[in-house]
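Asks: Chain by chain, the residues run as shown.
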Amino acid sequence: MNTTVLPDELDRRLIIATQAGLPLVPRPYDLLADQLGVSAEVVKARLTAMLESGRIRRIGAVPNHYAIGYTANGMSVWDVDDAHIARLGETIGKLDFVTHCYERPRALPDWPYNLFAMVHGHDRATVLAHIDEIAALLGPDCRRHDVLFSTAILKKTGLRIGNDG
Amino acid sequence: MSRPAPASLDALDRRIINALQGGFPIVDEPYREVAASLGTTETELLARIQRMLEARVLTRFGPMFQIERLGGRFVLAALAVPEERFSDVTERVNALPEVAHNYRREHALNMWFVLATETPDGIEAATRRIEADTGLKVFAFPKLQEFFVDMRLKA
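Same order as they appear, the protein sequences are chains A and B. Read left to right, the first sequence gives residues 1485 to 1649 (our numbering). Read left to right, the second sequence gives residues 6 to 160 (our numbering).
Hint data in this document are derived by calculation from the structure and do not stem from the laboratory. Just so you know, not all the hints are guaranteed correct.
As the list claims (entries may be wrong) - Only some residues are given here: those of chain B computed to face chain A with a beta carbon under 8 Å: (1) T46; (2) E59; (3) R61; (4) G67; (5) F70; (6) L75; (7) V86; (8) L158.
Note that CB positions come from ideal geometry on N, CA and C, so glycine has one too.
Excised from the complex, chain A in its bound form:
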């Protein structure tokens, strides 16, 4: 599932046709098929194949966190022992209030943290309580941590391919 499969020309055209969104019409795959000059069966088969290979995570909606009430968004960052990061990351990633969890490189001396976990909540107190839960789970394997609350969305467009034509 971790293999990279470069998109062929039709996949690429399908990505460009849907990256702004799936058409909001009763038969969206038929409409895409018309746009791409292929049959709806081909469109559905390509999308299914990309889902199965993990090239599409899922087809669905991305809610604006703020608009659905998650007004507090904290990027929690942890300096944990590299020898245990795989086990610790799995544990933290499974928590239902953590939406993303990654190992990233440190940038010493400015940035000592190697584990990033995004925590969302309805207010800061809730997020901070979740941070305490993570700290308790990490225990002595964590040397220090911080939480960076977001105070403004400056841009949110998602990836766009095909900018170069």
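Knowing the structure of chain A, use the given hints to seat chain B on it.
Replies: Using the frame of chain A, we list chain B on its own:
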């Protein structure tokens, strides 16, 4: 882009948001199928998705591509922006199409953005361009390991 206030959503809106964060069917009439499972009509479902997209309750609706498996790259990066230059630097950074998301955060590293490019080389070029345009050092934090990603949040 300003932060919207929490929207007023009714129970059906919330059920739609929760349902649409799962797998959307790849069938001829997918909206009809989802509408039936929610006890509403296809017309109502389409109208509500449209309205929530326009109100920016939903930032998008469609396939979420895992660009790294398509040959592209996503990299989280940060800048320490002097306060008096914040809006100018925001404008310069956001001007790059490679900048997919950008957030202000409370820290010495106060601007955090995601660079998304169709090829691995694009990241390096975008990083150099931001450093040249702003005179600030870009801290890049490419992911080394992904533990779990489920961006679903219950509405």
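Asks: What are the numbers of the hints the structure violates, in ascending order?
Replies: 1, 2, 7
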